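**Student:** Fit chain B to the given chain A structure using the hints.
2 protein chains.
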Amino acid sequence: MSVSSSPNPKYTELLNRLTEINDIKSAISLLYWDQATYMPPGGAQARGRQMATLRRLAHEKFTDPVLGELLEDLRTEEANRLYPSLEASLIRVTCRDYQRAVRVPSKLMAQISQHQSACYDAWAKAREAQNFAIVQPYLKTTLELSQEYALCFPGYEHIADPLIDQQDQGMTVAKVRSLFEPLREQLVAIVEDISSCVPLNNSCLHQDFSPKEQIKFSLGVIRSLGYDLNRGRQDKTLHPFMTKFSIDDVRITTRVYEHHLEQALFSTIHEAGHALYEQGIALELEGTPLAGGASSGLHESQARLWENVIGRSRGFWEWFYPRLQGVFMRQLGQVTTNQFYQAINKVTPSLIRTDADEVTYNLHIMIRFDLELAMLEGKLTISDLPEAWNERYRNDLGVIATTDLEGVLQDVHWYIGLIGGMFQSYTLGNLMAAQIYHTIISFDPEIPFEIERGSVKRLLEWLQQNIYQHGRKFTTSELMEQVTGSPLKIDPFINYLHNKYEYLYNCKF
Amino acid sequence: MSVSSSPNPKYTELLNRLTEINDIKSAISLLYWDQATYMPPGGAQARGRQMATLRRLAHEKFTDPVLGELLEDLRTEEANRLYPSLEASLIRVTCRDYQRAVRVPSKLMAQISQHQSACYDAWAKAREAQNFAIVQPYLKTTLELSQEYALCFPGYEHIADPLIDQQDQGMTVAKVRSLFEPLREQLVAIVEDISSCVPLNNSCLHQDFSPKEQIKFSLGVIRSLGYDLNRGRQDKTLHPFMTKFSIDDVRITTRVYEHHLEQALFSTIHEAGHALYEQGIALELEGTPLAGGASSGLHESQARLWENVIGRSRGFWEWFYPRLQGVFMRQLGQVTTNQFYQAINKVTPSLIRTDADEVTYNLHIMIRFDLELAMLEGKLTISDLPEAWNERYRNDLGVIATTDLEGVLQDVHWYIGLIGGMFQSYTLGNLMAAQIYHTIISFDPEIPFEIERGSVKRLLEWLQQNIYQHGRKFTTSELMEQVTGSPLKIDPFINYLHNKYEYLYNCKF
Numbered sequence: 001m002s003v004s005s006s007p008n009p010k011y012t013e014l015l016n017r018l019t020e021i022n023d024i025k026s027a028i029s030l031l032y033w034d035q036a037t038y039m040p041p042g043g044a045q046a047r048g049r050q051m052a053t054l055r056r057l058a059h060e061k062f063t064d065p066v067l068g069e070l071l072e073d074l075r076t077e078e079a080n081r082l083y084p085s086l087e088a089s090l091i092r093v094t095c096r097d098y099q100r101a102v103r104v105p106s107k108l109m110a111q112i113s114q115h116q117s118a119c120y121d122a123w124a125k126a127r128e129a130q131n132f133a134i135v136q137p138y139l140k141t142t143l144e145l146s147q148e149y150a151l152c153f154p155g156y157e158h159i160a161d162p163l164i165d166q167q168d169q170g171m172t173v174a175k176v177r178s179l180f181e182p183l184r185e186q187l188v189a190i191v192e193d194i195s196s197c198v199p200l201n202n203s204c205l206h207q208d209f210s211p212k213e214q215i216k217f218s219l220g221v222i223r224s225l226g227y228d229l230n231r232g233r234q235d236k237t238l239h240p241f242m243t244k245f246s247i248d249d250v251r252i253t254t255r256v257y258e259h260h261l262e263q264a265l266f267s268t269i270h271e272a273g274h275a276l277y278e279q280g281i282a283l284e285l286e287g288t289p290l291a292g293g294a295s296s297g298l299h300e301s302q303a304r305l306w307e308n309v310i311g312r313s314r315g316f317w318e319w320f321y322p323r324l325q326g327v328f329m330r331q332l333g334q335v336t337t338n339q340f341y342q343a344i345n346k347v348t349p350s351l352i353r354t355d356a357d358e359v360t361y362n363l364h365i366m367i368r369f370d371l372e373l374a375m376l377e378g379k380l381t382i383s384d385l386p387e388a389w390n391e392r393y394r395n396d397l398g399v400i401a402t403t404d405l406e407g408v409l410q411d412v413h414w415y416i417g418l419i420g421g422m423f424q425s426y427t428l429g430n431l432m433a434a435q436i437y438h439t440i441i442s443f444d445p446e447i448p449f450e451i452e453r454g455s456v457k458r459l460l461e462w463l464q465q466n467i468y469q470h471g472r473k474f475t476t477s478e479l480m481e482q483v484t485g486s487p488l489k490i491d492p493f494i495n496y497l498h499n500k501y502e503y504l505y506n507c508k509f
Numbered sequence: 001m002s003v004s005s006s007p008n009p010k011y012t013e014l015l016n017r018l019t020e021i022n023d024i025k026s027a028i029s030l031l032y033w034d035q036a037t038y039m040p041p042g043g044a045q046a047r048g049r050q051m052a053t054l055r056r057l058a059h060e061k062f063t064d065p066v067l068g069e070l071l072e073d074l075r076t077e078e079a080n081r082l083y084p085s086l087e088a089s090l091i092r093v094t095c096r097d098y099q100r101a102v103r104v105p106s107k108l109m110a111q112i113s114q115h116q117s118a119c120y121d122a123w124a125k126a127r128e129a130q131n132f133a134i135v136q137p138y139l140k141t142t143l144e145l146s147q148e149y150a151l152c153f154p155g156y157e158h159i160a161d162p163l164i165d166q167q168d169q170g171m172t173v174a175k176v177r178s179l180f181e182p183l184r185e186q187l188v189a190i191v192e193d194i195s196s197c198v199p200l201n202n203s204c205l206h207q208d209f210s211p212k213e214q215i216k217f218s219l220g221v222i223r224s225l226g227y228d229l230n231r232g233r234q235d236k237t238l239h240p241f242m243t244k245f246s247i248d249d250v251r252i253t254t255r256v257y258e259h260h261l262e263q264a265l266f267s268t269i270h271e272a273g274h275a276l277y278e279q280g281i282a283l284e285l286e287g288t289p290l291a292g293g294a295s296s297g298l299h300e301s302q303a304r305l306w307e308n309v310i311g312r313s314r315g316f317w318e319w320f321y322p323r324l325q326g327v328f329m330r331q332l333g334q335v336t337t338n339q340f341y342q343a344i345n346k347v348t349p350s351l352i353r354t355d356a357d358e359v360t361y362n363l364h365i366m367i368r369f370d371l372e373l374a375m376l377e378g379k380l381t382i383s384d385l386p387e388a389w390n391e392r393y394r395n396d397l398g399v400i401a402t403t404d405l406e407g408v409l410q411d412v413h414w415y416i417g418l419i420g421g422m423f424q425s426y427t428l429g430n431l432m433a434a435q436i437y438h439t440i441i442s443f444d445p446e447i448p449f450e451i452e453r454g455s456v457k458r459l460l461e462w463l464q465q466n467i468y469q470h471g472r473k474f475t476t477s478e479l480m481e482q483v484t485g486s487p488l489k490i491d492p493f494i495n496y497l498h499n500k501y502e503y504l505y506n507c508k509f
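Each protein sequence line maps, in turn, to chains A and B.
Just so it is clear: in the first sequence, position 103 is 103 by the UniProt record's numbering, and no numbers are missing.
Just so it is clear: in the second sequence, position 391 is 391 by the UniProt record's numbering, and no numbers are missing.
Don't take each hint at face value.
Just so you know, same-sequence chains aren't split out, so a pair can sit in one copy or run between any two.
Simulated crosslink set (BS3-like; lysine-lysine; CA at most 30 Å straight-line) [what the hints assert, rightly or not]:
id	residue 1	residue 2
1	K125	K61
2	K216	K61
3	K346	K212
4	K10	K500
5	K107	K61
6	K107	K140
7	K236	K212
Read the hints as simulated data drawn from the structure, not as lab findings.
Remember, predicted model here, so these are calculated numbers, not experimental data.
Chain A on its own, in the form it takes in the complex (with noise of 0.2 Å):
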């Protein structure tokens, strides 16, 4: 018996370890899935410690010496594994993850854990309060922690750039700059060029359409995308989201306007397509630290594929369109699915992220960016967010907000996290997604026309193949190689945008 078929005992015991810590991971997510959707409001301060204490376990437990010590034993005594294998993989990617997370005291995480609940509390009263005073003094600290945790990662080039790394390892500023400024100047071009055509009509979205056939309709489109109710379920939160207490648990929530029909649709597609990339995780994976997406940036390209380049797609609603007028005959009758896909499509500068359309969207990104870079390089002060934020408004999308609702205070992110790394993933995924795309349909030209027949099966499966099962066993730049033959580049995305919107708004830009 060679000794790489035996199981090594270290490989047990480290595996035993690590799905303790992925359990304990699971019963948080789950008490706060449970905070966002039933749990009553009397519950929230035991809640808050609840959390912390199982956050402070699961780092007390990863960070643990013996622990590195395995991994040490285990990174020679497993070296001749293949690259790939699940014990490779594991072994490569936990100690990875243990480098990074022996770098910070438990005291900071600590700090860090107590300081997110208050400063969440300390956001909603503000948003209600229409009053970022109140939430000011806390997103100081905030920044003061997310320096101090900056700090724990010596040799960086940029202070913000360990942020970015736990969100997107591999990536930097300068990396992302690289990416983000000609990405800038050639989206200023096209919504230049979009605002001198004619302006898309999307009145038919904003009559009133019953929020129970909504979420009904909405249910049906993500199953048979492939999201498995089986195995997962839809609630209805403030802010919808996506999350997972095993492969074969995978929820997602969603929020309903009656006068606005695109908000449900496209939201519960979004966080399907976060879902689908779960649930397509390999089983083998479960309870162990593979079972995830391979960066923020790589998860969100899957959400943004699946409700943007799918989703808002003219294929796509050639099948689902009539369906939906189906539901909606009074509101829809008279709608063309072409007027329909328009109205979906309207681009248009405005004040949220969240209802941005694809060409402006990613400008929503780079503003919070830019500001993370500022705040964390210690160039703005928080006192000084509110009207930078507003200032950047005016100037790059010609929009003023009237509350601090429409500007600083918008956006969950800084308030339950850190300062720096919290967006760039979301326009990195939009780069990922058209570049992913684009390579799938150059495989495999027959998919636009199977989705026009109501059919994604070999999209999914072409991606579960290729992306999904692997959890994260390949870093989002090894995926992207091995995907699509190159690295990330802006070039698929702004093709796929001038062929969507030329056609959309008639124009040649």
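**Tutor:** Showing chain B alone in chain A's frame:
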């Protein structure tokens, strides 16, 4: 500054450790609640693993020798604390829990935990197939594990004593028997007497009642009993239960049958009784081992007090019945308050414990109690259990089960727990409820009249003041002595039954 008024750092350390364990246990409760309410079927396997992991973790943390040393030191250093003070109680109760917990090896705990998930699954399958044989080998293991568990506590008089003590501290087989034997004699006589009276008619309960309206009405009832929905909620499950994530988040579940009005109504009041106890615990006990009911029996007494002593009383329906009629006018418009009162109190020997009336209910419990003892003593094998069960039902209640669903498969207890100590609490609870209520109305004879006017304010305040707020500070026998001035006895319950059922059946027993 005296030693006793400055916080003892060891006490703070103890508190921190106990809060951590409490938070893990709350997460386990949530994992369980979610499994019973909203979890998609696919989630079951990982969920079993997650609960086992967290249970093991909580046991490990609690049996940590460092915690034992802390407790030992504190017992000496804080000996001058007053008995009922938070500090003294916390140390005293935790010492007791610790002494019990360390006797059980972690390996056995893990075995039990793992076995319980498997056994529960097998029970569910056996129920579906209506075939005890499917779960029989699992139950055999449960019995072996139960015996092994009991052996961890040498020095007992009866092998069931350690198992009973775990649920009802201080109770033993001998003590339970000294109550059950005379009780049984009296109950058999009452059942016999009642069977010679004209039977009551409960057909009014078996019409079609909209499940939605049933839930709404039941929720209205328990809100007026004082169940705080700001700190709780109700969901639907296969088997109703109460669970707690903190004193400010105490949830109940219910089930509804369209043709059995009594089911949702009384199971809701029953679980709300449990919940009122938990919601009434003093907030300063939050997160500590003191934040719970004093024993299973006392907990059950509160469920049964609200469900039966109050919820099935004539005075209670004086107020609520017109309101119930308002909801179900078509079905109940012609049924008088007295007819309804008779219907919800009809005594009939039956097969299913949870459907049993107040009188025969305790005979169901005694059957289970005796069978548990016989199994633990090795006098009854698992393979002979179904027939032994059915024989006792034939002899004691004169009813014959047609399938094991109506027999040995009906209760979940043995299949998710151990064999031993699982059932006596219900009858102890009935006895306690009668004894406590008897005391209350002799202290405050106004209470029944207030209930007739739709208010339980004074009753609830009395219970909160004298029982609920203390959590686990006092043992059940201490509380019974303090509250009723005597140890637990059967007379108040027997008197209660005589008064109530002689009136109902218009007979003198």
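**Student:** Decide, hint by hint, whether the structure agrees.
**Tutor:** Structure-based check of all given hints:
1. K125 x K61: neither (34 Å within a copy, 37 Å between copies)
2. K216 x K61: Answer is neither: 42 Å inside a copy and 46 Å across each miss the 30 Å cutoff.
3. K346 x K212: Within one copy only: 26 Å inside a chain, 43 Å across chains, cut-off 30 Å.
4. K10 x K500: Neither: 54 Å inside a copy, 68 Å across copies.
5. K107 x K61: The answer is both: 14 Å in one copy and 20 Å across copies each meet 30 Å.
6. K107 x K140: For K107 and K140, only the intra-copy Cα distance (19 Å) is at most 30 Å; the inter-copy one is 48 Å.
7. K236 x K212: both (11 Å within a copy, 20 Å between copies)
Violated hints, listed in ascending order, are 1, 2, 4; each of the other numbered hints is respected by the structure.
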